[in-house]
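*Asks:* One line per chain: the protein sequences are A and B, in this order.
Everything in the first sequence is counted per our numbering, starting at 236 for the first residue and increasing by one.
Everything in the second sequence is counted per our numbering, starting at 486 for the first residue and increasing by one.
Worth flagging that the hints you see were computed from the coordinates, not collected in a lab.
Hints may be right or wrong, so weigh each one.
Pairs of lysine-lysine, DSBU-like flavour, derived with a Cα cap of 35 Å [to be verified]:
1. Lys-529(A) x Lys-554(B)
2. Lys-297(A) x Lys-529(A)
3. Lys-521(B) x Lys-269(A)
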Amino acid sequence: MVSDQALLLVSALVFPGLLFLTALALFTQYLVRKLSARFQGRMGPSYVGPLGLLQPFFDLLKLLRAKEVVKSRYGMVVAAELSLLAGIAFLSASTLMLPLSPYNVRSSFDLFVFFYAASVVPALALALASLSMPGPYTSVGVSRFLSLLTISEPAYFISLLVPAYLATRGSGLLASISEAAVNSHALWRNPASAAASVLCLVASLVSIQARAMMQPFNIPDAEQEVIAGYKTELSGPLLALATLLHDMEYAVSLLAVIYVILGGPSPFANCSLMGAFSLVAKYLALVFTATFLKNSMGRYRIEQSLVQLFKYGLVPAIVAAVLAIAYSSL
Amino acid sequence: MTVKVLDPFTLVYIVTLAAAVALAAAATAYYALKSKRVRETPVYLSGEPEMVVSNVSPSVGSLYWGFMKRFAQRLYEALTEQVHSGSLHDWYRFLSSWLGFLLLAALAAGILALLIG
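Given only the sequences and the hints, what does the whole structure look like? Please build it.
*Replies:* Structure (structure tokens):
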């Protein structure tokens, strides 16, 4: 019998924590690169590993092992490293609240804890790491990133909170991710709550696109305009950590959408083979949709980004919240 | 699979503990693997020397005004053309309209409270 402490350790470090999340983040990066390449009539990663699957892993290893850190006299390398590592650590820990974890912790309002660990801390970690290696382009990139966050974070949070609330009201664990994962598929069967779910899905996809700084919201690292924006002064191992943190945050955000809005492995049971297939299919569908958006749109200017994010991210989320209040008072 | 139903405070404690363990593991792996080479260069300014900028980072004030003038343009125009136009009459008109609205809202709330309570 495995003790609770050992299971907690394995969950935090191996599955679905640090190791699995690293693998999932790299696989997601591979998918986005490969799909983007196919959309643009290119080959994409092809030579490293079967079908080029290991390309992101070897890119990470090369940045870590072979490349040097290039810093100016104002750069604080250790502060940047610790910020990024803290972001990665909190993302790994946040997976304990997902039903995927063999050591699953849940409580009332655990969605709030999840949001801090998987969304607020990593975003601030990335901003702090960039500001630890200062430069004019970095500052402009970070200010644009933070401007986007002022709208994308509330939109993402509301889009998760609404289905979590609707799916868990009346149960003992209000706004719990694991509880919502069991019940949220039922929201899609009722026309009144399905409308709120659709709006939340749209709001979450738009806000994740902005949080991941993918087109059309890639203004924080707009090439040729602000060089590489927030990551201009990041290089070698630091750039490896920043890229890994970015990809991990993206993967965890999509997992949260699958569990809270799309009902996790439903219509199949959580720990079943078909349930696992269902999770993988939903994950691939979300990555495909996000990559399609990325490749079919150009880059917005910052003020356009904020307005569009407000229109298609925050407004649907707020309308869904109003619908949810009306629905739950019936 | 072990499921632990906890109170929110214990959940925060366990998640923070797991984050600390993950941080220790990630930091150990990172410092064991990372390249130790560090090269110092001037700040990247598209080939220009550092003397072309007065500060390495734009000031907080510049970022704030950039945001206000570009994204919150309508709010900025309202502030400069109606509220802070330089004329005391404009300022008084703007402020009294809001104070009048608040006074009416307070009166309505008071009457409602008397009627209901």
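*Asks:* Which earlier hints can't be squared with this structure?
*Replies:* none
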